[in-house]
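Chemist: Taken in order, these protein sequences are the chains called Y and A.
The opening position of the first sequence corresponds to residue 1 in this note's numbering, with each subsequent residue numbered one higher.
The opening position of the second sequence corresponds to residue 1 in this note's numbering, with each subsequent residue numbered one higher.
Since the hints were derived computationally from the structure, they do not count as laboratory data.
A virtual CB, placed ideally from N, CA and C, is assigned to each residue, including glycine.
Fair warning: there could be bad hints in the mix.
[Unchecked claim] Each pair of labels, with its calculated beta carbon distance range:
hint, chain 1, residue 1, chain 2, residue 2, range
1, A, Gly-139, Y, Ser-127, 50 to 58 Å
2, Y, Lys-106, A, Gly-139, 29 to 37 Å
3, Y, Ile-119, A, Lys-125, 54 to 62 Å
4, A, Thr-59, Y, Met-271, 43 to 51 Å
5, A, Leu-171, Y, Val-261, 36 to 44 Å
6, A, Arg-115, Y, Met-271, 43 to 51 Å
7, Y, Lys-106, A, Asn-10, 31 to 39 Å
8, Y, Trp-99, A, Arg-115, 32 to 40 Å
9, A, Thr-59, Y, Trp-140, 56 to 64 Å
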Amino acid sequence: MAETLKPGSGPLDYGNRWWLKILFVAIFVALYSPIFTLIAFSFNTDKRGVVWRGFTLDNYVKAWNNSALQEALINSLAIAFIATIIATIIGAMTALFLWRFRFPFKPAYEGVMALPIVIPEICMGVSLLLFFINTGMMEWSVGMPWPMNLINIIIAHVAFCFPFVAVVVRSRLVGFNRQLEEASKDLGASEWQTFWNVIVPFMMPGLVAGALLAFTLSLDDFVITFFTSGPETVTFPVKVYSLVRRGVSPEINAASTVLIVITVIATVIAMKLQAPQKSGEG
Amino acid sequence: MAESIVSLRNVTKTFAGGIKAVDDVSFDIAQNEFFALLGPSGCGKTTLLRMISGLETPTSGRIVIGGEDMALTPPNKRPTNMVFQSYAVFPHMTVADNVAYGLKVTGVPAEETRRRVGEALDMVKLTHLAARKPDQMSGGQRQRVALARALVKRPKVLLLDEPLSALDAKLRDEMRLELTRLQENVGITFIIVTHDQDEALSMASRIAVMDRGAVQQIATPSELYEQPASRFVADFIGKVNLINAEVVSSTAKKLVCDAKGLGKVELPHEGKAAGGTIAIAVRPEKLKISEAQPKAAKAIKAEGKVRDVAYYGDTSHVVVRCNDDLELSVNVQNDSRSGGSGVERGQKVWIHWAPEDTLVLTE
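Chain Y on its own, in the form it takes in the complex:
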């Protein structure tokens, strides 16, 4: 008669061990309690935001009516929007190029392309700042009408966002059945028709996921934006930072909550679209 295993002592029953459960809860609390506190206090009636006094939505109204915050939010959205479009196009082209062609030093190129993902943001911020100063773009952009005065930030955001798009799209392309492309040509389609009718629809989930990723990265970027923004151009995270220095107000909590919600929604959609799909096997 074989010994029966106690519940939780099986090799893969980690979830049933009490100390693992405690560890799990502890990590969860450490990670998310600050965020939930922030969200909770955005509904607080207390002006200084230290003690809970009652529920209100006033903070959201006040944050919405704060013209400086509003301007910063519009800037952020505009930058994220434009940078996402450009980064998605460049990223998709990079991914296609790496997927389609063989050329000397390809692994090296792939590594260099992904460098902005791993380079410390502070270094990228400094290098981009130096670049914009030396090319005179820092001064030049100040006098431009909106949204051209954001051009430095947009360029900086494209630079660090497009590798993410490229990586996501490239991993999608790995699952592409080359026979689909051949079938399209065999049926009379030209190279260009094949690209738009077969390859682009296949890439679409990757493109959307990459774009949403780029959007969230751009929207909440602080370090690089801080370095590359001019005196007149303020983005939402930078504005929040400057407000916090004068003391935390529930208004900032409310504004931050909005940013969290936007980011989480975009990320969830991106993850959904990246989930493995059967559709590529044809």
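Starting from the structure of chain Y, add chain A where the hints point.
Modeler: Here is chain A on its own, set in the frame of chain Y:
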């Protein structure tokens, strides 16, 4: 033979690294033929098919389809269409859109497209699934989509790359019948690539057997089975008992040889006189098995012990060991309900067959 629709002249394909996938292949395929390229994996049959479709370019040689040299014609301009091994049905399009694709991209008017798509779906009996997406369909249905999508273009030649290999056994038999019927109905030349001899024998009107990039023999299925040109073909098509033999004497009509483990045998022989080492071959179903020594004087005989009996329902495969050099497989029809093959393992039996059922293979 009718006018040829596809002709290959000295077609050779060398891949990077110097591997010759197809080596100096020349043959003609007639209008309306159901032609099979048969061979073990890696024999170059798929490469040859891809060269006909234009997806691969020959290193040298000429491919003529419908009287036109195809050297400079890209795949999208050729009068051929292909059914891919993976079917390659476009996953993001409905069945109807898949079938319409080839007409849309070449600018066929919408009205005509609709009509032809309807006809094509009808032909493969998929009309009721026109609005479905491929991921909601079975492998057999997807294959029909791929077929309709190719046939709707009305190609001069339809190319099929291992079309049945991904289907389960029952569906395969059904599809095999359907393909032959379809080919008769549409009157288009079919070229099919397969590694499965049953598929080739049962469907094709002519078969080219390929090995290591070269064509070994082109013949009708029955010729291929009964008169294989070489040891490779005899061995590849069906089961065969191959026996090495030394030629003792040979005339234009008769050949006497010393077969390994069998002794001197006299065989009818046509054509050139042969010499040296040859192989004689006999199919398992041509062998007779009996307990007593057979009386027929002219028959080739051997005595042995039954080593193995495998029961397959309609037939039994019996392996008889005659001596250290000779082991023969015999197919016995189980035509009475009581007996099965009527022999048991370890039993002593006689085997005999008619000399004219023996193949002489000089290559």
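Chemist: Which of the listed hints are not met by the structure?
Modeler: 5
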